[in-house]
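As given, the protein sequences belong to chains A and B, one line each in that order. Counting from 1, position 217 in the first sequence corresponds to residue 217 in the numbering used here; the numbering is continuous, with no gaps. Counting from 1, position 151 in the second sequence corresponds to residue 151 in the numbering used here; the numbering is continuous, with no gaps.
There may be inaccurate statements among the hints.
[To be verified] Here are the simulated EDC-like pairs of lysine to aspartate or glutamate, each with C-alpha atoms no more than 20 Å apart in a straight line:
1. B:Lys72 x A:Glu129
2. B:Lys42 x A:Glu191
3. B:Lys75 x A:Glu129
4. B:Lys120 x B:Glu168
5. B:Lys72 x B:Asp6
6. B:Lys66 x B:Asp51
7. B:Lys333 x B:Glu281
8. B:Lys126 x B:Glu151
9. B:Lys75 x A:Asp117
10. B:Lys210 x B:Glu325
11. B:Lys42 x B:Glu207
12. A:Lys135 x B:Asp23
13. B:Lys210 x B:Asp224
14. B:Lys235 x B:Glu346
15. B:Lys42 x A:Glu74
16. B:Lys235 x B:Glu294
17. B:Lys42 x A:Asp115
18. B:Lys12 x A:Glu37
19. B:Lys72 x A:Glu74
20. B:Lys324 x B:Glu346
Quick caveat, the hints were computed from the structure, so don't treat them as lab data.
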Amino acid sequence: MDLSAVWISLKTASVSIVFTFLLGILAAWAVVSLHREKLKMVLDAILTLPLVLPPTVAGFFLLYIFGVKRPVGEFFLDVLGVKIVFSWGATVLAAVVISFPLMYRSARGAFEQVDADLVSAARTIGMNEWRIFRKVILPMALPGVAAGGILAFARGLGEFGATIMIAGNIAGQTRTLPLAIYSAVAGGNMESAYEYVLILVGISFLVVAGMNWFTAKERKYLGRGGRK
Amino acid sequence: MSLEVDIRKDFKGFRLHVQFHSDGQPLGILGASGSGKSMTLKCIAGILTPDSGHVVLNGRVLFDSKRKINLKPQKRNIGYLFQSYALFPNMTVEQNIACSLQGSRQEKGPKIRELIRRYKLTDLEKRYPAQLSGGQQQRVALARILAYEPEALLLDEPFSALDAYLKEALQVEMRNLLQHYPGHAVMVTHNRDEVYKLSNHLLVLDEGKKVSFGSTKSVFSRPDHLITARLTGCKNFSRAKQTGENEVEALDWQTTLRVEGPIPPRLTHIGVRAHYFYPSEQNAPNAIRFLPLEKVESPFEWNVLFRNADAAEDGGTIWWKYAKELENASSPKYLAVQPRDVLLLENT
Numbered sequence: 001m002d003l004s005a006v007w008i009s010l011k012t013a014s015v016s017i018v019f020t021f022l023l024g025i026l027a028a029w030a031v032v033s034l035h036r037e038k039l040k041m042v043l044d045a046i047l048t049l050p051l052v053l054p055p056t057v058a059g060f061f062l063l064y065i066f067g068v069k070r071p072v073g074e075f076f077l078d079v080l081g082v083k084i085v086f087s088w089g090a091t092v093l094a095a096v097v098i099s100f101p102l103m104y105r106s107a108r109g110a111f112e113q114v115d116a117d118l119v120s121a122a123r124t125i126g127m128n129e130w131r132i133f134r135k136v137i138l139p140m141a142l143p144g145v146a147a148g149g150i151l152a153f154a155r156g157l158g159e160f161g162a163t164i165m166i167a168g169n170i171a172g173q174t175r176t177l178p179l180a181i182y183s184a185v186a187g188g189n190m191e192s193a194y195e196y197v198l199i200l201v202g203i204s205f206l207v208v209a210g211m212n213w214f215t216a217k218e219r220k221y222l223g224r225g226g227r228k
Numbered sequence: 001m002s003l004e005v006d007i008r009k010d011f012k013g014f015r016l017h018v019q020f021h022s023d024g025q026p027l028g029i030l031g032a033s034g035s036g037k038s039m040t041l042k043c044i045a046g047i048l049t050p051d052s053g054h055v056v057l058n059g060r061v062l063f064d065s066k067r068k069i070n071l072k073p074q075k076r077n078i079g080y081l082f083q084s085y086a087l088f089p090n091m092t093v094e095q096n097i098a099c100s101l102q103g104s105r106q107e108k109g110p111k112i113r114e115l116i117r118r119y120k121l122t123d124l125e126k127r128y129p130a131q132l133s134g135g136q137q138q139r140v141a142l143a144r145i146l147a148y149e150p151e152a153l154l155l156d157e158p159f160s161a162l163d164a165y166l167k168e169a170l171q172v173e174m175r176n177l178l179q180h181y182p183g184h185a186v187m188v189t190h191n192r193d194e195v196y197k198l199s200n201h202l203l204v205l206d207e208g209k210k211v212s213f214g215s216t217k218s219v220f221s222r223p224d225h226l227i228t229a230r231l232t233g234c235k236n237f238s239r240a241k242q243t244g245e246n247e248v249e250a251l252d253w254q255t256t257l258r259v260e261g262p263i264p265p266r267l268t269h270i271g272v273r274a275h276y277f278y279p280s281e282q283n284a285p286n287a288i289r290f291l292p293l294e295k296v297e298s299p300f301e302w303n304v305l306f307r308n309a310d311a312a313e314d315g316g317t318i319w320w321k322y323a324k325e326l327e328n329a330s331s332p333k334y335l336a337v338q339p340r341d342v343l344l345l346e347n348t
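Please model the complete structure; the sequences and the hints are all you need to start from.
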């Protein structure tokens, strides 16, 4: 078994969840704060698209945008000296794009569930919007946001279709666990496949358990303990 | 000191159009649910935006559709006590209060301690809202609002989340607070007792429109509108038409009643509060021959449903309430009502 796949997968999932988490929350807050209903619908559709598209199609679009012969890809290569396609960075890009809608939608739902009176009350006592977001909306929406984080991380960890399109399947470089499983099975190496599968299941389990523990701890204020 | 409100807002199937002026004495807004009373408060606080009109507080324009002025809630300096109190569940009592204070932690400390003391929250500083009783939650909410030193205080059904026992005690506290509060206080409720206890002026709303406005005492004693009479607790109504200078015919009760004029030209109904009937002789003014239909017991009084025995079968029924001490008066021949106790009402 080649342990580099485990390492690459963990690195990709960890780095991509940071981007997904922040971008998803900010996008959700921005959309929730919009007052124009039509614009809201259009934006929502665009931000959700990667979730409904087959991952290979999403990967195809990424290739189309970031390919070295395309304007954006060319810009990254010539000006910034970064080649995105078929590099480790591409595995992160694919994971972020594919897992982003899960984070965005969960966070948006959680923000919309926050009691509107709390936000209005915060405004009437002079709290500015950013402070309201940090002190009231985000803490109140935390369970939903955390659940979104779990989903997004799991989705990023399991990302296959878009990754293989834009990052390829280069052992030791872009071969994440799902790709390693595919390659092992394709090569008839079932022993390795079992091991990779076991590791993937283990990581997924640990992540969910950890998030649940964290959420329970953060919500202690809802308990009625201490009341006399 | 003045608060001037003139707002219109259209919803699907509902139009809010409220106009009033307050000189700083506690103002009550009474209305059934869905009459637009909370909406009015939200428009004043800037939580909702009216379609047109203006809101001017102590000479400061908060909203003016013509001049395109619409201050954010943060800039209005208006306190809003929500029905649910809207305390932040993720913050302790002192963190909740600190939210409405400006400045560094050192500057906030003494102010918070002073508010905690004044609102009788000592030893509860570290508790979360879920660990407080309804009355304590209301005090935290008030402390948080008044820490911000608002020029106006809007109370949205302030007692509806409390049980009856707590309610009475807190109404006394609230009364004291409002009497000493230097700004405008506006309270909305559907409860006539609350509004009578706490407000000096009263605005009655129905389906988004003003139906009565005046001093609370006078609106209660001489309601001019059917809706107002009903909201202030009158149970008995009859369609009516004027038959003399001081005389009306109660069409549903099929009797003629002497009233204390002047009779409004647009009279459509008369009303008589259930308490105002009294046992009488046949020759007393406004005597109605008593035909009891039903008797319902409540803790301290009897409620008797009766109708005019001289009326046809379809004569309208009337409620009579009397204290239980008067048990021996239970089956009089006649019930009468003083001419001044007949309310002259219109219904537009």
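Indices of hints not satisfied (ascending)
Numbers 2, 8, 10, 12, 15, 19, 20 - these are the hints that the structure violates, sorted from lowest upward.
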